[in-house]
Structure formats: C-alpha cells, structure tokens
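Guided by the hints, dock chain B onto chain A, whose structure is given.
Top line first, the protein sequences correspond to chains A and B. 347 is the number that the numbering used here gives the last residue of the first sequence; the numbers go up by one with no jumps. 1347 is the number that the numbering used here gives the last residue of the second sequence; the numbers go up by one with no jumps.
Be careful, since some hints might not be right.
[Claimed, not checked] A few chain B positions that, by computed beta-carbon distances, are all more than 10 angstroms from chain A:
#1 GLU1108
#2 GLN1197
#3 PHE1217
#4 MET1234
#5 ASP1274
#6 MET1277
[Stated by the list, open to error] Short derived list, chain A residues pointing at chain B, Cβ under 7 angstroms:
#7 SER49
#8 LEU65
#9 VAL107
#10 SER109
#11 GLY139
#12 THR145
The set of hints was computed from the structure by calculation and includes no laboratory data. Ideal Cβ positions, reconstructed from N, Cα and C, are used throughout, including at glycine.
Listed here are the chains, written in short residue letters.
Number of protein chains: 2
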Amino acid sequence: MKNKNTPIASLGEFGLIEHLTQNNQTIHKETIQSIGDDAAVLNYASNKSLLVTTDLLAEGIHFNLVYVPLIHLGYKAVAVNLSDIAAMNGIPKQITVSIAVSSKFSVESLEEIYEGIYVACKKYNIDLIGGDTSNSMTGLFISITAIGEANATDIVYRHGAQLNDLICVSGNLGASYMGLQLLEREYRLFKDLPDVQPDFSGKEYLLERQLKPEPRFDVLDILKKENVKPTAMMDISDGLSSELMHICKQSNKGCKIYSHKIPIDPVTAITAEDFNMAPETAALNGGEDYELLFTVPLHELDKIIKIPQISVIGKIISPDEGMHLVTQDGKEIPLNAQGWNAFKPNS
Amino acid sequence: MKNKNTPIASLGEFGLIEHLTQNNQTIHKETIQSIGDDAAVLNYASNKSLLVTTDLLAEGIHFNLVYVPLIHLGYKAVAVNLSDIAAMNGIPKQITVSIAVSSKFSVESLEEIYEGIYVACKKYNIDLIGGDTSNSMTGLFISITAIGEANATDIVYRHGAQLNDLICVSGNLGASYMGLQLLEREYRLFKDLPDVQPDFSGKEYLLERQLKPEPRFDVLDILKKENVKPTAMMDISDGLSSELMHICKQSNKGCKIYSHKIPIDPVTAITAEDFNMAPETAALNGGEDYELLFTVPLHELDKIIKIPQISVIGKIISPDEGMHLVTQDGKEIPLNAQGWNAFKPNS
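Here chain A stands alone, though its shape is the one from the complex (with noise of 0.2 angstroms):
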C-alpha cells in the first residue's frame, strides 16, 4: 500500500491521463499514434483482419475492492478483453482503456489500476494507444477495448462446431469460481470479526485463478505447432454450459459431455466440498475461468490426446438431440446457463 492520497482534483483531467501515461511506449509497427490526439491511428498490414472487443466492469457488480487489489484489478481487466481475442483465434495488439472513479479515489489508486495495466500489456505484447479517464458519483468503472489481428482464415467464430467434433477445454475449469466463494467467505467472517486474519494457506491458485486469470495464448500456440484449427470456439467467462450452449446454438447443434470429463484441479474439488457443492457444478456455471473451449474434428483426436493442456469433455451432435451432460451413473441431464449474469437478482 502507498501512503500518499493525492487527490484527483489536484491534477485535473489532462494532467490526471498526462501523469498516468507518460511512461506509456509503444512496440507494435502498426501503431502509428498513441495516446495524445483525438483518436489514435493504427496501420495494419492488408493480409490481416481486425478482431475487436470490449467489456466493462463495475465495482459491486464484477469486482467487491476489500478483497481485490487495484493491481489486479487493472492486470484482470486487461486479461480478460485478451482472452476475447484469444477466442477468435487471434493476436491481441492495442487496448484503450476508460476509467470512471468516484473522487474518494486517490491519485495514487489510480497508479496502481495503471501499474497493472502496463504489467498486463508487458506480458502479452500490447500497446495502450488510448482512452478517458473520468469521475463518477460513486464507484470505480473499467470499460476496455481490445484490437487484435488475425489471418481471415485462421479466425474461429462460435458458428463453426461440426457433427461428430470433439469438444475440448483447456486448462481446468471452477477454480476461479470457488476462489472467489473464498474471497466471500473470509469477507463475511472480517465484517463480523475484523481482527480475524484471513488463511488462505493451500488455497492460492484458487485466489489466482479468480484474481489474476490468464489468457490461453499458450494453448493456441500449441494448437498452431500441432496445425489443428479448432471448428468453433469460445473463451469461458459465464461457464462452462452457457458457453456451450452457445457454441451449439450458433452452430445449430446438439452436445453430450461427460461429467467425469471435465478437467478440475484437486483443489477446487476439495474446497467445493467444503462449500457443499459439485465440483462440477463450479465447472458448469461458476465461470471466469477464462479457459478456452473449442471444438475439433474427430479426426483431430490422436494429435489432441497428447496435448496435456486439453482434455476431451464430450462430442457434438444433431441439434434434434439436445444439449446434454452424462453424470457418472449415465443419468443425460439437459444443460442449461445459469452461468454468471451481471443482471441475475442479488448477484
């Protein structure tokens, strides 16, 4: 923690976005200008398309900051726009970022905010070419937006999922759920009892996957080595089964998968169980796992099995069929999305 509180209103809007980018410097040739003009100025090659995204997040609703450090925040709300990109199928290059913050924010806030931003564009190549820094009444609010390029025909849409593919994740899925059932709890037993220290002992990639999520970039990287091209794909925000219904709808598809499939870390199985929950069931709705979910043709299956990052959860059928997960015992449960909604009542 920084002891200075430097207030906002002391530097004034320009002098505010001056300070908090004068360090800023760009890498990519295809940024021509950055922050400081009406708009930046981006020249791509002619053989690229462009990939855009943007997502907000609002304290209260996406973020609670007793337990979320700005720097994570900052690093999380990049990650999370790249993974979008990562989902196409496609190189994330340039962010701009919006920034609206109530005035009992301090200057020093912000730098942290920033100071994850920059170790965020560090790690995965991007420039910040852009944005708006703002107050609000109340709250902290981070709207970013990702440019990023791809060959047109190395994209991966949603639509693409053919009969018989595989359907495969990566990573494991449910962690950042259960992390943050974590977070909550330890928030709960500090507002009853605030000399109580947190012991989070054992529980840290939980507290990582739901702080710090990382885009798989690796994964398409090995995916490329292997020259499989996924047929459809998505990143996992909202969970897993909302994420495959959606891949299935836009495909006009069906699915099975299988609950035994689905990739969970012992550590998330263990800590749903003290929660009383199915680890599955973490897997299925808790979302924010920010792991990739793709599917591949059946043909693929040998160069995928030895992929250690990717596990098979299920194949792709005639949308007569339904969307379905097999329990252990056999049981088809149809899938449905209660996966993370920001409107859901009390969420």
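Just chain B, lined up with the frame of chain A:
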C-alpha cells in the same frame, strides 16, 4: 414516454443484448462479423489507416437524467465519439457500446438509449459491432469506442500547426454551454416549484446544441472540395481556450486570437447576458460545442474566407510570443485552460 417498466433482470444479460440488438444491421463491407461472437471482425483496405477513439459518459458528471432524454443521451454518446474521428479528418465506420445501469432502469429505458444510438448510427453510416451491457450499483455509464478510416496522408494531427497559419473554427461557439445553463436553471426552479413548466421558447437552438450535438463532417467535406487540408485540428469538447492551447503546445507554437472574431450566435449572446456572463467566456471555456478548431496555411485565406461555415479567429505565432486573446479594446490576455474538467471540484 413508454409506459411499460420491464425489469432488466427478467431478460438476463444475454437476453437483454439480444433484445437490444435484434434489428441491428451492418452496412459496411469492412464489417465481416458484428455482435454475436467473442470479438467483431473487420477487414479494412490495405491503403487505409485506422482511427480509434473512446469516450466515457457518467451520470451526474456528464449528464443529468432529470433533463436529458435517454434517446438524446444515446445519440450524443455516439456523436461525441464521431466528432473525435472528424477531428482527425477521418470517416467513422464502426462503434462498440458498453453500458452499465443500475437495476432501477427498465428494459424500456435501455431501449430508448439504444434508439438514440441507432438514429446516430443511421445518420452517420455507422455499424454497431459490439458491446457489453452490465449492471451497476448506482447510476448509468456509457462507454463508446469508435473506429474509422483515413488515407494516411489525409490525417490531421494536433501537432502540425505552422508559423503564420490561420486559426479557424467551424460554426459558432458557446451555444451548448448556454443550453446547459438554461437546463440547470430550470432544474433548480423545478426542484423548488415542481408545478412550474419550463419555458425555453426562443432558446430551442441552445438546447439542441447541448442535447444533440453534431460532428462537423459537412465542414470536412467543404474543405476537401476546396482542396484545403488543415495543418492541425481538434474538436472543441472542452472549450476553445483549452483546445487551442493543446494545439499550440503539441505544435510548439504560440497563438493570438481576437475576441470579436469568435463566432457567437445571437441567442447565445443574449442568453449569456441574461446570466451576467460575457458571451466570449461561454465560447472560450464552455465546451461541448463539438465544432472543429483547425489551422490552415496563410495562403489558403482566399478559399477559407468565402466559406460561411468557417470563421478565421486569429493566427499562429512563435512559441516565445505566448498564447493570447486580444480583446475588442486591444488588450492582450493570456489564454488559460479553464475548460470543462470532469474532476473539477463541484463540477
């Protein structure tokens, strides 16, 4: 006013986006994939540079929903972003829209905002290609990113002003600020005497300038037809004084402008006097006019002088001569940037 008051939660996040964008159609060949995937896909021609700009509007800071109709708010949120593309001498093509609203907003209120967004998109040939709609704890936030194109050689930056260039503005200044003063005055009256109906007769022009600003692509077209390319350009969102200081600082130049040359509409002048304010103050420091401020080489005077939509207000001088306003009685006053500031205490 529509009568229905459908809770947003009844549609859910995906249902809401689908509902609001169900009639969305794109017109540009560059827009390959619009709303409905992880990111939009754009294919721009190889000889074009891309322009990217973003603006965030926050309730209570940038607008007061007591007197700003939601349809106008949607329109204005688009218009101010397009104005930034105009200020680069570009052509806007796509926008993304992120909105956060508290649960007190209804589906119908969001429909009204989107109606304004669609009207602006239709008028200026813009494709709505993506966005995010989320809950907020309190208040309404709209963050828009606009993407446009220009030939690299056509782009006009802020830093290009040359010695002896003419300083020009389009349209007239201060009207939007006086419109805001009128709305604020009636709002204060309304709070004390809710039965008194506001009377804006004769002042409609000022309200229109405040509530429904228009980017000046028409002025860019005239300049193109006359074969005049500005050396530096900005749009006037924060007041003439502040914007001109940006151009001078980024061009490393000074300036001298003449108060009696600043174009001010008679209704603006009369209203400013009603408020015991010099009309020039509204023009210099008021902001939100979204007119274009630009510099052209002196030898273009013959072409510029005959264009009724453009006023020559001064000239670019060397930086050591400073930045001055010359009053009607010949006094030179240093410019200062009292422009609108989202972080100004009590702004």
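The hints, checked one at a time:
| no. | hint | in the structure |
| --- | --- | --- |
| 1 | GLU1108 | 15 angstroms, holds |
| 2 | GLN1197 | 28 angstroms, holds |
| 3 | PHE1217 | 14 angstroms, holds |
| 4 | MET1234 | 6 angstroms, violated |
| 5 | ASP1274 | 29 angstroms, holds |
| 6 | MET1277 | 22 angstroms, holds |
| 7 | SER49 | 5 angstroms, holds |
| 8 | LEU65 | 12 angstroms, violated |
| 9 | VAL107 | 10 angstroms, violated |
| 10 | SER109 | 14 angstroms, violated |
| 11 | GLY139 | 6 angstroms, holds |
| 12 | THR145 | 4 angstroms, holds |
Going through the hint list in order, the structure does not satisfy hints 4, 8, 9, 10.
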